[in-house]
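Colleague: Each chain is listed here by its residues.
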Amino acid sequence: MKYVEPTSLSEALEILAGDDEARCLAGGATLVAMLNADLVEPSTLIGLRRIDELAGITATGDQLRIGAMTTHAQIAVDGRLTGNAAVVRDAARQIAHPAIRNMGTIGGAICHADPNADFPGALVAANAVLVAAGQSGTRQIPADEFFLDYLETSLEEDEILSAVMLPVEPSGAGARHLKFSRTHGDYATVSISLVLVLDAGACSYARVAVGSVGPTPLHLTEVDEILTGSDLAGETIRQAGRKLMEAADPVDDVRGSAEYRRMIIPGLLQRAVDELREVG
Amino acid sequence: MTDKQAVTLSINGDCHDVLADPRRTLLQVLREQLSLTGTKCGCNNGVCGSCTVLIDDLPMRACLTLAVAATDREITTIEGLETGGELHPVQQAFIEYQGMQCGFCTPGMVIAAKALLDRNPDPTLDEIRDELSGNLCRCTGYVKIADAVLSLVDADRGQN
Amino acid sequence: MSEILNSKSSYCRKTSFWRKPESSESTRLHVIPLDSGFRQNDDLNLDDDLTLNDGLNLNYGVSRRKFLKQTGGLTFCFAFAGFFGNGGTYAAESNPTPGPAMAEFNAYVRISPDGTVTIINPAAEMGQGVMTALPVIVAEELDVEWDDVRIESSPPIGEVYGDPLFFNRIFTTSSRTVANYYERLRRFGRDARQVLLENAAGKWGVPVAELRTAPSLVIHDKSGRSISYGEIAAFAHISADSAAPGETPGEIGASAGTLDNQPIQFKARENYRLVGRNVPRRDLPGKVTGTAQYSMDARPAGMVYAAVSRAPVEGAALRAVNERDARSISGIIDVIKRSESVAVVATSYPAALKARDRLEISWHEVEGMSHFNSDESMQEHRAAARDLSRNGFPWDVQGDITSLERGQNALEPGTLRDTQGDVAAPGRGQVALEPRVSRDAQDDMSTPADEATRVCSAEYWTDYVYHAQMEPLNAVVSVTDAGKKAEVWAGTQAPANTVDAVAKILDIPGNDVKLNRSLLGGGFGRRTVPSMDFVVDAAWLSKLLRRPVKVVWTREDDLRSGHLKPMTAHFLRAAVDDQGKICAWQHRVASDEAIKLLDRPSYEAFGKVPITSMLGSSHHGMDRSIGDAYDLPQRLVEHIPMDTGVRLYPVRGVGATPNNLAIESFLDEIAAQRNIDPVDLRLRLLHKSARGRRIIETVAGMADWTRARPGRALGIAYTHYVDTVAAAIAEISCDHTSEKIIVHNVWIAADVGLAIQPDNVRAQLEGAMIHGLGYALSERVTIRNGLIQQRNFHDYSVMRMADAPVIHVELLHSDSAPTGVGETGSILAPATVANAFAVLTGKRLRHIPFTPDRIRQVLRT
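Protein chains in written order, with this note's numbering: chain A, 54 to 333; chain B, 94 to 253; chain C, 495 to 1355.
Hints in this document: simulated from the structure, not taken from any laboratory. Backbone N, C-alpha and C define an ideal beta-carbon position, used for all residues, glycine too. One or more hints might be untrue.
Unchecked claim - Below, a sample of chain A positions facing chain B; criterion: calculated Cβ distance under 8 Å:
| # | residue |
| --- | --- |
| 1 | ALA75 |
| 2 | LEU78 |
| 3 | ALA82 |
| 4 | VAL85 |
| 5 | MET87 |
| 6 | GLY100 |
| 7 | PRO151 |
| 8 | HIS237 |
| 9 | GLY238 |
Claimed, not checked - Computed from the model, here is a short list of chain A residues facing chain C with C-beta under 10 Å:
| # | residue |
| --- | --- |
| 10 | SER61 |
| 11 | TYR203 |
| 12 | SER207 |
| 13 | SER234 |
| 14 | VAL243 |
| 15 | GLY267 |
| 16 | ARG308 |
| 17 | GLU312 |
| 18 | MET316 |
| 19 | LEU321 |
| 20 | ARG324 |
Unchecked claim - Coverage of chain B stretches by chain A, computed from C-beta distances (three or more under 8 Å per stretch; other residues unrestricted):
| # | region |
| --- | --- |
| 21 | 109–121 |
| 22 | 173–187 |
| 23 | 218–229 |
So here's chain A without its partners, still in its complex pose:
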């Protein structure tokens, strides 16, 4: 295996295009674990850490641009991620433990597309758009369409995820990523990502995604619509929760049975709403 560290995105894309077995190394939190376990064997490893275009968070008009190499720790403390974008910051705060948050990057995490991870659901709830860079240019992929299956994304093999674009709107939104895990810092048994705009107790905007209950984040427009325009009464939330529960397709694993995962969705939704109401 060869290790290279290009200093520009175009250089990295060129190496990637020229080598079918090349893989990109972001923070390493997942890929190095896979290397250690001999699960991957790239011919070339492209270290992305020296590419400035992938670094940092910038505000661009009505969007926040998070470079793919931005670490969870950096996202967790960035005060610009408010309103709608706060759901991503809330998720970043809850990923694993400090040492992992210092290493792991948002780009690496979402390209791995582990449905038990925190970012996928949060990005769907935040209506994020993911920027894929290829040699022929970039394309923008809504988070909803990015996650295709377990560990599978719509990124092409010769593309590199360069940034995550988070809309600032709706600006008055409150956001919560609520995660339940067996032990502190573990992957979520179930997580819920919720963005709400509350107007005098009524809900004028809602977007909710559930993680760890299927191969990709669970997002139902129908549920957003049930909540939007309602006063978020208990029965409304129960109805939304039931819809999510019915659509969920979790698996049995060491973190919890499929049934258990399904059953706690409504309660998590209720709690997320309650917590946002308290703040709001």
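Since the structure of chain A is already known, use the hints to place chains B and C on it.
Modeller: What follows is chains B and C alone, placed relative to chain A:
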């Protein structure tokens, strides 16, 4: 397949030139090539925290860091905490409060505690518990580890 | 024995300090042959001499001679080849030979003219602090300045440094180290001091009685003279007698223990300067600087690495290996096979691992194991526990053991009460309260039952768990001299077992195996196993390759080859009168015995009794009097043996954890049924134990037991285990969304006798509590098709700091000798949580770990 690459690592203030397979983790290079065996391997999976080192002053997992990707960064291991033969206050506090038993997790725990206090000299008990949760300890009740870290918080307050 | 005398050891060359046994018999048996139950040996008075009960509880107050005399009619042929090593063959050069100028006062004390006092620590330091605690005991009686003390690890010579309880093998386990070495070490310290006094007296020509010691000094007040221990060491004459331990623990040092035929006094406790004062642990500085040496850190010159695949189930033999892919990995030296394991040796560990993972290995099936599933096995355990027609092994019965044995043989299904006289009609189902129906059973009850007496019953279950010591198992072995000698670096709780296992696989005498005793990155029982499965591979590989070999298990290897704490199912019944008095008690424990498969010699030597399974199940003290046990005068505690073929082994808390869960949960269920406060019920049951009541009252006070706390609840549990009396109360809440239990506070009160190092005792109680809360809440191994399903800490979940409660410990000191504390917390934890949960929700959790999934199911019923 196993083309080794020259890697220069800055560890505890010293530069080390090593020839390493790019697949080698920093943990492997520390322990096997540089004989810095204070950093421990408990899971090789990033989960247990025994291999926690500072990279540019931030705690990270040496088992999830490739040595080749650690060049031009300042690495601090447990062996680098003493200055002028004096133990670091965190090390002293861990001894004083008996914040360890078998000691296998201790280098990682001490590093994580130092990083926490460097960033936040005045953490609450809950913050300490949250921040150190990435480091598994199978022996202690965690009580004495928290006490050790809290003792430094109090000391700082006293100075202020 | 003669091998020891002839061994290379500097200790052993000098035969003066211990006497050769009088007869060869004394080297053999130390326990009763039990193959059909010790109850048959009517001529053996168990109660007096040797209690094979409540765990390795062999009363050593009796001298070996006396014991042999009393039991002479039996055929004793017992070499603890497994549990305790076969004894006798060790090399011992792991420590430097004392220099000529250094005076060896006895096996535990050397003093050099520069004043350095070397104290030998016999036990394995695995975090519990014994490498300091044991020398402190010596140093106190020796009256030495602690700063003058140097601590040295003992060679693995069992006869000199072994634990009396374990037949003079070094066997650091079972919460016993400080308790079991205490008496011996204080005598050695005292006697060495006496030698110093005698030598000073001789030099000055004054009576010994006019001398006293101050730390590291002998002082003659009349003349104002003083002399340091080091100065005395330069000229000291040490007689063979004064350096000789007695032949039994009770007599160790006895020859030097008299002065003018008056026994030499021990130091009065009020004069202690070290014991009870938290002497700083000597192992800590190296641990915070990273210089502490574990076997993981050993790197002898020329060392190569091996990664090993071991048989996935016990007894599986290698069938075939396809090694083509593995051999393509650069750095590979060789792929080497034997029946039990396949190893890849390479110049680096990553290369060895990578190649190992590319081996395609098939193993022969072990009958039944390829279909073994833990979930199904649990159903079988449960059915066995419930099936009263299936007679168990009667472990603890009130009354005459011999009559019970006759009864057992005569028993037919359903006739239990006729011979036991203490079990009323069975209740079915969980916590069923049924009218007492059986008049004839009532006739046998000690307390006349009335119409209000009822029988209640309940079940509890525990899953497999794994040791999860933080240092994955590993060892380095260097075989030299054409295969005739070996040097071993290993963290071991049982040095004799390690030496024996290496000697056996190399087919050389144990004398030719040199063991370097490393610090242990945790043990919890795993590192006693006679097979020394984590050591022997390095030995045979080193022999073949003629260079040092380090075998390191990955965490995945460590889990895959996990030696599990047995799963258990418990069925309990009690007849309870309307006052809440328990008139009869039956506790059936279905489990596979933890030493049955992997320590067969010990298992057979113990007479195939469920020795570790039933720890903590008996309702009597270590001497068979009621002691600090609950007063349950009519009782039958029995074991229903299960045969699983799973690799099982004692894990911290052993059978006492599940048994405590069952007993303490059941008591709370009874208390709830009869509207009795759980604390009150326990105080009533402990009416014969002031020590027990004091602990219950103390812990209740600590937790402010009667104070209501909205959203939270308290649960209590009590144990008397290896003479420690302890109780804990957990304060929990349950997250109503996720149904995850949160433990906020735990209060522990423990009477540990004399606490040598009180902070260390607290550390043990706290650490074991966290360990036990792991058992209670998250730790679980499952097996499918014979294979352990968990792989690493991501799916074998031990407690992390943020999930840990605040733990409050209060030690109650008493005048008795130190008692064992290494497991107490791990025993109490699950029941405290279960009992608190019942108060909080009205629902009973019966199956540890109490995962959110299980909690949810219970709450829905």
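Colleague: Can you give the numbers of the hints that this structure goes against, from lowest to highest?
Modeller: 1, 5, 10, 11, 12, 15, 22
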